[in-house]
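Chemist: Now for the letters of each chain:
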Amino acid sequence: MSAGLQPHAGSAARLWRNTDARRLFGCVVGALVVAVITGPSGSASSPTSGVTGSLFRPRVLVFVALGLALWAVMTFRRRFGEVIRRTNDRVVTAPRQLLANRWNRYVVYLAVFAFAIWYPTILSGYWQEVLVDQVGVFVLLALGLNVVVGYAGLLDLGYIAFYAIGAYSAAYWTGALPIHPPMHLNPFWAIPFAVLAAMLAGVVLGAPTLRLRGDYLAIVTLGFGEIIQIVATNLTGVTGGSQGVIGIPHFSFHAGALKYVWHVKALPYYYLLLVFVVIALAAFRSLERSRIGRCWAAIREDEVAAEASGINVLKYKVMAFSIGASTSGFAGILTASKIGFIEPGDFTVQLSILILVLVVFGGMGSLLGAAMGAAVLQWLPQFLRVHPLFGFQPQDLFIYLGALLVVMMIFRPAGIVPSRRRRSEIGLAEHGVGTADAMSAAGGPVA
Amino acid sequence: MSATALSATATAQADAIIVVDHVTLRFGGVTSLLDVSLVQGRHEILSVIGPNGAGKTSLFNCVTGVYVPQVGSITFRPENAHPVAVVGRKPHRVNRLGIARTFQSSRLFNALTAFENVKVGVESRFHTGPLGAMLHVPRARHEERRGNDRTRELLEFVGLRDRADEVASGLPYGDRRRLEIARALGTSPELLLLDEPAAGANPAEKAELSSLIERVRSEIGITVLLIEHDMGVVMSLADRIVVLNFGEVIAEGTPSQVQRDPAVVEAYLGTVDENGHEPPAGGSDHRVVAPTPPEASAQSGDDRPSSEER
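Here the protein sequences come in this chain order: C and Z. Under my numbering, think of the first position of the first sequence as 141, with each following residue one higher. Under my numbering, think of the first position of the second sequence as 2, with each following residue one higher.
Next up, chain C with everything else stripped away, as it sits in the complex:
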């Protein structure tokens, strides 16, 4: 079947020239490698058990089947292109048209909102926790990063730093840090301070660095993320060091006769999050369709032309950056207050990249995409943890995420729910007219 098994060199070479056969070989080998990587590990007494335990168990069949499925998709994609497009139309375009009507849209929004209110009440405590810690917070984070990456086109790899700043600000204002604030606040009233701190951090980092473009900005933000984490680890006298901070109180709300305390249970936090997610969705949607959103799109498309059209590029970049930062900061406070404990290890670069993956997977520049990407990718691993299909092991999550992203980039580069603008951008890039070309057209002008 595969070239390697052919005894005769001539026919093997002939087979190797066949693209389908070569691809089949690659898929099967890839599947076996993944099976070994994700399988049991060997030990000193039986070093080969990692390989034999992976390859000579029934679970290897699952991987081979997946490899064959991938091969089939790649091979028959062209032949079934029409079918795929029609399915795509039915799945994406038809709902879009349905939602074009304003009243239909309101009805759908209302139904989704009602579902979001009702559904968690029937879940068990564990799933309610997952819904807040893993899904809700990350939906908010993804929405914020979507403004930075999706709207303004700024690659921010240190996004989690603002989450850390939000969390540590909450700890500071509630008096949980070794250094004490002028007055102790309840985390609920610390929200504006912490959001402001994250926003300011965004401006302070953004104003000097957003003059950089593309890769340079990514590296600077990556460095910033590291700095924040290292400072949190080493500045023991201020941040509590690597031990972390304990005793951040839960939210509570006292205003006259109104009194409400968020306790250990997840559900009240869920509703608070839901309120903020809805506010973020509405606000960012308005922004995207406004003058501001068009400025961002213009900057993303062609910075030089945007500048020549009278747009203060730096101002709008810093704006996007600080809006993203404050969203991230809010998510930080909420986590800090709910869990009551934060440590520098919560704010790793890996988390920044994970959020970026959520946004890219969902669809950069698309609110619904970013939210859905976060919800699906954060919920799925938890689901698999409880119901381990195919011998899924949680520590392998990033292997699957990486593979998923590769497959996505091949078949649906604009994400699961692509934004209209991004889709045409990617279409352009594929035809060689995209942004990349506009910036460095052969023999093109200087601007």
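No lab work stands behind these hints: they were computed from the structure. Each hint should be verified, as a subset may be incorrect.
As the list claims (entries may be wrong) - Pairs of lysine to aspartate or glutamate residues, derived as DMTMM-like cross-links and limited to a Cα-Cα distance of at most 25 Å, are as follows:
hint : chain 1 : residue 1 : chain 2 : residue 2
1    : Z       : Lys91     : Z       : Glu80
2    : C       : Lys405    : C       : Asp486
3    : Z       : Lys91     : C       : Asp355
4    : C       : Lys455    : Z       : Glu145
5    : C       : Lys405    : C       : Asp355
6    : Z       : Lys207    : Z       : Glu220
7    : Z       : Lys91     : C       : Asp486
Stated by the list, open to error - Label pairs and their calculated CB-CB ranges:
hint : chain 1 : residue 1 : chain 2 : residue 2 : range
8    : Z       : His128    : C       : Gly265    : 32 to 40 Å
9    : Z       : Gly222    : C       : Val371    : 55 to 63 Å
10   : Z       : Glu154    : C       : Ala240    : 23 to 31 Å
11   : Z       : His143    : C       : Tyr266    : 49 to 57 Å
12   : Z       : Asn149    : C       : Trp519    : 40 to 48 Å
13   : Z       : His128    : C       : Val401    : 37 to 45 Å
14   : C       : Phe551    : Z       : Gly222    : 49 to 57 Å
Glycine is no exception: its CB is placed at the ideal position from the N, C-alpha and C atoms.
Chain Z: place on chain C using the hints.
Modeler: The following block gives chain Z in isolation, referenced to the frame of chain C:
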């Protein structure tokens, strides 16, 4: 022509819109512009021509704030009560002053529709901030309406009304050029700089562009500074021509004066020099108009290697 004579013209020109005064621009050891001076009157169509690498686009980049010349000054509205120095201002600030431009290879916002492209230009003058936009305050709604009206007007003016909702990258060449002009007009300029608007256009598109540029002046009253290689377009549009060669002004005058200027003929067609270099083929005709200037055939209209993407 001596620089002092030019300064004299500057003061003599009662209604000048822009004065470029002894501008020198260097990139390391390469001198892109050397002591360039020019004056443009209000409502005048002035054309800058010159062989490849003469420094035309560098001059534009100085006037629009992209490059900062080492020597010299550029003054916008010198006759105004408050003349403004252009040098040292950021490109978007220069645009706010009322100097808009287009680019040599059109730089549209490709993924945006034609309508949105123009609207970005129009809206750069508006004031709605992020909070106003989020909350749909009355001013935001008012500006939105005003922006839509103005955008529609401009698309109508350049003849792209029917293509308003098409994505910019899908537009044919001539339409892209006109869309770029509409976007620049959206920023309500007093002075419009067009960098080779007709480059690569077919004869019909050239005629359309010429008439559009003429209408920009006559109907909206905007002064146009034009870099153009197509001599047909230049001769029909320009009131006055400035010729650059190797970063220096070598001639200035009406189209007919410039055509006869021996220095211009030499710059374009070359002479047999001591090294025995032949003039380019077709150089026997001693009028600038006749053969296509050498660089018109070359794809690259770039100025200098050092002036590549910053």
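Chemist: If a hint holds in the structure, say so; if it does not, say that too.
Modeler: Each hint, compared with the structure:
1. Note on Lys91(Z) and Glu80(Z): the hinted pairing holds, with a Cα-Cα distance of about 23 Å set against a maximum of 25 Å.
2. With a CA separation close to 21 Å, the supplied pair Lys405(C) and Asp486(C) stays within the 25 Å bound.
3. The straight-line distance between the Cα atoms of Lys91(Z) and Asp355(C) is roughly 23 Å, inside the 25 Å bound, and the hint therefore holds.
4. Proximity of Lys455(C) to Glu145(Z) is assessed by CA-CA distance (about 21 Å); at most 25 Å being required, the pair is judged to hold.
5. A distance of roughly 43 Å separates the Cα atoms of Lys405(C) and Asp355(C); the hinted pair therefore is violated under the 25 Å criterion.
6. Only pairs whose Cα atoms come within 25 Å are accepted, and Lys207(Z) paired with Glu220(Z) is accepted, the gap being roughly 19 Å.
7. Proximity of Lys91(Z) to Asp486(C) is assessed by CA-CA distance (about 42 Å); at most 25 Å being required, the pair is judged violated.
8. Restraint check, His128(Z) to Gly265(C): a C-beta distance of roughly 50 Å breaks the suggested window 32 to 40 Å.
9. A hinted range of 55 to 63 Å holds for the C-beta pair Gly222(Z) and Val371(C), which are about 59 Å apart.
10. Evaluation of the 23 to 31 Å hint for Glu154(Z) and Ala240(C) yields a pass: the beta carbon distance comes to about 27 Å.
11. A beta carbon spacing of about 51 Å between His143(Z) and Tyr266(C) agrees with the range 49 to 57 Å that was offered as a hint.
12. Evaluation of the 40 to 48 Å hint for Asn149(Z) and Trp519(C) yields a pass: the beta carbon distance comes to about 41 Å.
13. Between His128(Z) and Val401(C) the CB atoms are about 43 Å apart, so this pair conforms to the stated range of 37 to 45 Å.
14. Checking the proposed 49 to 57 Å range against Phe551(C) and Gly222(Z) shows it holds: the Cβ atoms sit about 54 Å from each other.
Taken one by one, the earlier hints fail for this structure at numbers 5, 7, 8, listed in ascending order.
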